[in-house]
Amino acid sequence: MAAEGVGGRLQRYRAAPWWPAAATLVIAELGRGAALLVPITFSDPNGVDPFLARLSVASLLIAMPSLFVPRLQAARPILLALASVATTYTLLSAGPQILFDLFGSRSGSFDAQIFWSSVAQALGTLLIAFAAWRTVAPEWRPSLRMRHLGLGGLAAGVIGSAVLIGLGLALPAGVLGRVALQPVALGRDFPLLGPANALQAFSQEVQFRGLLLGALERTMSPRWANVCQAAVFGLAHLAISYGGPEAPFVPITFLVGLAFGWLVRRTNSLWPAVIIHAVADIALQFGIVQGLYGF
Amino acid sequence: MASDRRRRALTAVAAVWIGTGALLIASAPAQAADAWWTPVALTGTAITQVSAIGDTIMVRTGKGAMLLSTDGGRTFATAPADATFPPISIVTAGSQRWEIDSAGRVLHAASTAGSSDSVIDPGSPDLGPGADLIAAPAALPGVVVAASTNGTVWRRGQDGDWKQALLLLPASLVQGVPRITSITAFTEPLSEAIYVSTDGYAVLISTDGGDDWIRAGPGLPDSVSSLSADAGRRAVYAATSDGLFEHVLQVLPAPPAYQDAALVWRWIGIGAVTLVASVLVLLALVRLLPRRLEA
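Residue numbers (the working numbering), protein chains in the order written: chain L, 1 to 295; chain U, 1 to 295.
Pulled out of the complex, with its shape left as it was, chain U reads as follows:
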């Protein structure tokens, strides 16, 4: 009797071991996604502006120093005295040029040949004098995103319709609303993403022309002062309160897709666990609940 029980127990233990081992062997190891933002250089240094074209990256530090790297950010040296950042109030995407004038109106030129044919884009908002943040992703012709001086982010749809796209909320009851510090997008048709940086909420991105936004700052400090998209390196650079960061173009995180066999085995395992757990619950309830009930 006792040996019979022992034999049954050993069989059950062996079955559990073999089953668990088979399931573990059949399962594939999880793969971690690439980091969304990674530090490039100047960690610990506040950077207020960045511009990147190929291996040439120029930054301005919080103390006003201009630094230049010609090796993709590996090393930095003092920039020549006549070095200047390209204007951020003008953006050219394909044959289209968009510009914010000094009065805060959005000008559009259908040809990049010259500035003489720039006209105020119909329906565009008054962004306020001094507004200069604008971007136009080449992958979405006609789409423009610009920020007004009061902090509202506007977007122009491909149909030419301008609408408010993003209104930042206060950081808390005692803190104010963070500033929009930069807007950028790739001026070659690499990605539909539009990147907005803030000095409190890191970076927000939109991949549908400014209608919907997500927070895309993992790895970054909260305070981001400037962004620069470099089509040559397929990367976006962020000037932050803690150095220079880089985001290399990658797809948005999504659950993995399993092929037929892997999926079937996983479902069989999940189904078996579900069945065993349910049966055990019923057995426990039948065994533990009293026969006679009193309310």
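Chain L extracted, bound-state conformation:
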């Protein structure tokens, strides 16, 4: 074994069925990470590119060739999943600005702009999921698990939501910033931001536990597939919040990703995770008082 060189080991790994998926994930994340982080050395990415357009462009530049280059066929479902995460996030975060630029004061309130941006994010996600479904060979095609929600799945969603809110209340208020409710803002914002948060949660579940987990588990063991999607879920949150006050919470998002992936596999349905994720996002939206420097 010791005499086996790196080249020999590489040859052996490349014959393993999990290799294309694992290599794709690692290399694509390294490249996206470079596109995201290297500009910090000479620029102020938060000020220049607050909507992470660079991440979306990199994801598209990497994913598009996989549709045409036969050698990249095995990478296609994973690259499409990663592209769905980045591009639709940019769509969501830049949406209000785009709507205002297009329609001016007719674009509605900021809440309405966020709602329509969330609709666009969900539609964009479904469009990429459809593209993955149509362009990926059946043996590589991700299982989205969107067809059914049994009584057990519904119960899991409700109980999971209650557990998550209980945990949020058990943690010291200062850690999360859940120091107060703002009744005026709640009454004003909930009709549009409540559904917007639910749509965002739906989009993320389709991206991570639908497309990505579904693609990875075609070639990996369920456990490793879940670990990998949770790692990308954590890294995605780091991409949004690196350098910010919420960066220490990224490890928590990895654990949450693991739990959601386990739940989706256990119930064979995406919907329990969608329910819990939506409740968590709504609770974060309305139970957290923002700080001076963000979350």
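No lab work stands behind these hints, which were simulated from the structure alone.
One should not assume that every hint holds.
Computed list of lysine to any residue pairs in SDA-like fashion (alpha-carbon distance at most 25 Å, straight line) [as the list claims (entries may be wrong)]:
| id | chain 1 | residue 1 | chain 2 | residue 2 |
| --- | --- | --- | --- | --- |
| 1 | U | 163 | L | 177 |
| 2 | U | 163 | L | 186 |
| 3 | U | 163 | L | 290 |
| 4 | U | 163 | L | 192 |
| 5 | U | 163 | L | 183 |
| 6 | U | 63 | U | 39 |
| 7 | U | 163 | L | 190 |
| 8 | U | 163 | L | 282 |
| 9 | U | 163 | L | 188 |
| 10 | U | 163 | L | 288 |
| 11 | U | 163 | U | 123 |
| 12 | U | 163 | U | 176 |
| 13 | U | 63 | U | 41 |
| 14 | U | 163 | L | 284 |
| 15 | U | 163 | L | 112 |
| 16 | U | 163 | L | 111 |
| 17 | U | 163 | L | 191 |
| 18 | U | 163 | U | 218 |
| 19 | U | 163 | L | 181 |
| 20 | U | 163 | L | 189 |
| 21 | U | 163 | L | 291 |
None of these values were measured; they are calculated from a predicted model.
Given chain L's structure and the hints, the job is docking chain U onto it.
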């Protein structure tokens, strides 16, 4: 052959060095924001009350001692025996006077000439006997924020409509809800901010008349007993469990805005990094993924 390869490698290294150097030279140094709260005096001493007018600052310590500073807080001496704090249940902003009476009702006088024309403000809540926390920012005529004895913060909109504005949440499952200890705002039209102090969540501020709040305590201990806004020095003073702190009026933190040339160069750099990272990913995938695939 070997020298040709070496020449190419040296050219590539030189190009990378020159490019990185140019980008670093073109980038502007980041500027740190001013501290939001800074300690003024009496560090290590618990202070329960503060009142500031110009260079005169009076505080009461946790042990009951009254201290007076006439040099903006640089030095403190024992206050004269007849020194008293101004009442906090009365606030005058412009020609408007607002007061909480002993029964906990909000009285309004459209003129500051005398107290005889004070009337109960229509629609104002019953704050409870003993309630005495009230503020009215002169920059938002008609807006009033007051706290009831049960800890609810109410706000009066410019249209005269009273609504619940802030409900503090428990600090944890075993700790209770922190108390609202003080409310203040500038009685000259310097700022629209309203400051609420608590004995567990430091300071919260609202800049839209009490509808939305943010945590604004960076630099402060969690326990803040009293606030005093001094228009003369454009500062808010906080009496805390660890001395006296000061916040000088400043704009809320926001991303920097770059001028045309700086923005263009930053975008060119970010675009170049994105392109290079994407190409490298594709090359690595093409090179590493196996030609023959097996599901």
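Going through the hints against the structure:
1. For the hint linking residue 163 of chain U to residue 177 of chain L, the alpha-carbon distance of about 23 Å falls within 25 Å, and the restraint holds.
2. The hinted pair formed by residue 163 of chain U and residue 186 of chain L meets the criterion: a straight-line CA distance of about 12 Å does not exceed 25 Å.
3. A hinted pair counts as satisfied when its Cα atoms are at most 25 Å apart, and residue 163 of chain U with residue 290 of chain L qualifies at roughly 21 Å.
4. Using a Cα cut-off of 25 Å, the hinted pair residue 163 of chain U and residue 192 of chain L holds, with the two alpha carbons roughly 21 Å apart.
5. Distance restraint check for residue 163 of chain U and residue 183 of chain L: the Cα-Cα separation of roughly 8 Å lies within the 25 Å cut-off, and the hinted pair is therefore satisfied.
6. Restraint check for residue 63 of chain U and residue 39 of chain U: satisfied, since their Cα atoms lie roughly 20 Å apart, inside the 25 Å limit.
7. Proximity of residue 163 of chain U to residue 190 of chain L is assessed by CA-CA distance (about 16 Å); at most 25 Å being required, the pair is judged to hold.
8. Of the pairs offered as hints, the one joining residue 163 of chain U and residue 282 of chain L holds, with about 22 Å between alpha carbons and a cut-off of 25 Å not exceeded.
9. Under the criterion of a C-alpha separation no larger than 25 Å, the hint pairing residue 163 of chain U with residue 188 of chain L is consistent with the structure, at around 12 Å.
10. The straight-line distance between the Cα atoms of residue 163 of chain U and residue 288 of chain L is roughly 20 Å, inside the 25 Å bound, and the hint therefore holds.
11. For the suggested pair residue 163 of chain U and residue 123 of chain U, the alpha carbons sit about 9 Å apart, so the restraint of at most 25 Å is met.
12. Distance check on the hinted pair: residue 163 of chain U and residue 176 of chain U sit about 24 Å apart at the alpha-carbon level, within 25 Å; holds.
13. Taking the CA atoms of residue 63 of chain U and residue 41 of chain U, the gap is near 16 Å; set against the 25 Å cutoff, the hint holds.
14. The hinted pair formed by residue 163 of chain U and residue 284 of chain L meets the criterion: a straight-line CA distance of about 23 Å does not exceed 25 Å.
15. As the CA atoms of residue 163 of chain U and residue 112 of chain L are separated by approximately 23 Å, the hinted pair is consistent with the 25 Å bound.
16. The hinted pair formed by residue 163 of chain U and residue 111 of chain L meets the criterion: a straight-line CA distance of about 21 Å does not exceed 25 Å.
17. Distance restraint check for residue 163 of chain U and residue 191 of chain L: the Cα-Cα separation of roughly 18 Å lies within the 25 Å cut-off, and the hinted pair is therefore satisfied.
18. A C-alpha spacing of about 28 Å is found between residue 163 of chain U and residue 218 of chain U, which places the hinted pair above 25 Å, so the restraint is violated.
19. Taken as a hint, the residue 163 of chain U and residue 181 of chain L pair is honoured in the structure, with Cα atoms around 13 Å apart against an allowance of 25 Å.
20. With a C-alpha separation of about 15 Å, the suggested pair residue 163 of chain U and residue 189 of chain L falls inside the 25 Å cut-off, and the hint holds.
21. The suggested pairing of residue 163 of chain U with residue 291 of chain L holds, with an alpha-carbon distance near 23 Å, which does not exceed 25 Å.
The structure is inconsistent with hint 18 alone, although it conforms to all the rest.
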